[in-house]
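Each chain, letter by letter, is given below.
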Amino acid sequence: MTHHHPIRIGILTVSDRASKGEYEDLGGPAVFDYLKRVLKTEFEPIAHIIPDDLSLIRQNLEHLCDVDVCSLVITTGGTGPAPRDVTPEATEAAAEKLLPGFGELMRSTSLQNVPTAILSRQTAAIRGRSLILNLPGKPKAIAECLDAVFPAIPYCIDLIGGPYIETDEQHIKAFRPKSAAKS
Amino acid sequence: MTHHHPIRIGILTVSDRASKGEYEDLGGPAVFDYLKRVLKTEFEPIAHIIPDDLSLIRQNLEHLCDVDVCSLVITTGGTGPAPRDVTPEATEAAAEKLLPGFGELMRSTSLQNVPTAILSRQTAAIRGRSLILNLPGKPKAIAECLDAVFPAIPYCIDLIGGPYIETDEQHIKAFRPKSAAKS
Amino acid sequence: MTHHHPIRIGILTVSDRASKGEYEDLGGPAVFDYLKRVLKTEFEPIAHIIPDDLSLIRQNLEHLCDVDVCSLVITTGGTGPAPRDVTPEATEAAAEKLLPGFGELMRSTSLQNVPTAILSRQTAAIRGRSLILNLPGKPKAIAECLDAVFPAIPYCIDLIGGPYIETDEQHIKAFRPKSAAKS
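These protein sequence lines are chains A, B and C, in that order. Per this note's numbering, the first sequence starts with residue 1, numbered consecutively. Per this note's numbering, the second sequence starts with residue 1, numbered consecutively. Per this note's numbering, the third sequence starts with residue 1, numbered consecutively.
Next up, chain A with everything else stripped away, as it sits in the complex (with noise of 0.2 Å):
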């Protein structure tokens, strides 16, 4: 290993309430227990906690992905079809490219516990160096979708110039292909 600064991870749980102080935030505190179990990677976490308003969750992750250059960016929240879930809306407002595949995933993978499964909107996107990925609310959603996905995003940051990040295989086999030599 020759990099020797942490990697930044936005964490940034959108929800009115919360934001508020009116009942505690759960999931971004279980986003960060998640990185910090499955990633051997050092990282500085950047997190907010900020209302479902669309203007402002785009200016929050544009700011985590060209200011506080974050190689990655998880959003807890916000997904749903309700009138104030725009979470979605944001991240592709700040995407220069929407991944869908994630979203697939994180729903097909949730279906096999909650029909309602169907209804969370969430999506990933690529914004310069970083990648954006939406999640729900709630703590046990949140490892089950992280626990999908995952083992293909440290692929994914090599492959828009972010830095090589290693994940402890006990909890998460990333994959990389084989013509993939590490940076």
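By construction, these hints were calculated from the structure, which means they are not laboratory data. Some hints here could point you the wrong way.
When chains are identical, the list treats them as one kind, so a pair holds in a single copy or across two.
Unchecked claim - No more than 30 Å apart at the CA atoms, straight line, and that leaves these computed lysine-lysine pairs for DSS-like:
(1) 97 - 20
(2) 138 - 178
(3) 178 - 97
(4) 178 - 20
(5) 97 - 140
(6) 140 - 178
Only a predicted model underlies this, so the values are computations on that prediction, with no experimental measurement involved.
Take the given structure of chain A and dock chains B and C to it, following the hints.
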């Protein structure tokens, strides 16, 4: 049950030939029969048969949602790749939010029977307090798709501020998370 | 068989390096070999190798559809998350209709082999009487994806007014509903 007015459900058959009376509409009645079988909540159907015309479909969807105040609007027909198939485009035009999980699940379900299921572009969308759902035109495929997605529909309508809908659990077991109390 | 002219199939290799001759195009030949193996209907391939440039890809797609009158146009390469990967964007730009079921099925099929299948943004689209299909660049993934979606391709081309295509049933059993008579 304190809800005394029947809910309204739009049933929109989209077919050039059925709208001209060149053949019998089988899709609309199949949707109605299905709803009568699975819903315990009383409902009033509002059914129309219209040609495959993008602005006409859009106008009908908007009227069923905004003026007729249907909680659920189900279209049948017009979801394939042929030039006159424009129901998904009309649905997108009328939509405030798209719910890609419905189309994904309906396609993967139909795929267990026919490999041409991937030709269907059916989707679902939210407009105000209405859920719009595209179905294929054939009765067999209609029941198959509704069986797959219906367990998620009552909770979806809860989330957008619609009426509390109950199903006959012998046919469809509607799922609501424990945290969702009847309002 | 009364169809005397061979149908035309476009094969568009999208790769900066292959277009400069920096390495051999493996994707285009893999597509051609596959088609030769599975199609009973005589076809004339029109193959080009071009760089990962959005407007160039779009122009080529439109020319293959509109001027060369290809019933099927298959791209290989440029579907990933990297900055130069823009084949799906070019396909969307050239499309009259998108067929999301193709991308969903190809990703879920490849996912059985590699977890990074969710990074592919490949899609399919209709333009006039042509079906455009995006494939990955690697020969193994090309065959895997074509095996998954090819049974639906002949009927799709029927529906958009293209020629009647027959496959060698030992390789691919094309599916047409009983109601669809040979025209």
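Against which earlier hints does the structure fall short, listed by number upward? Those not satisfied: there are none.
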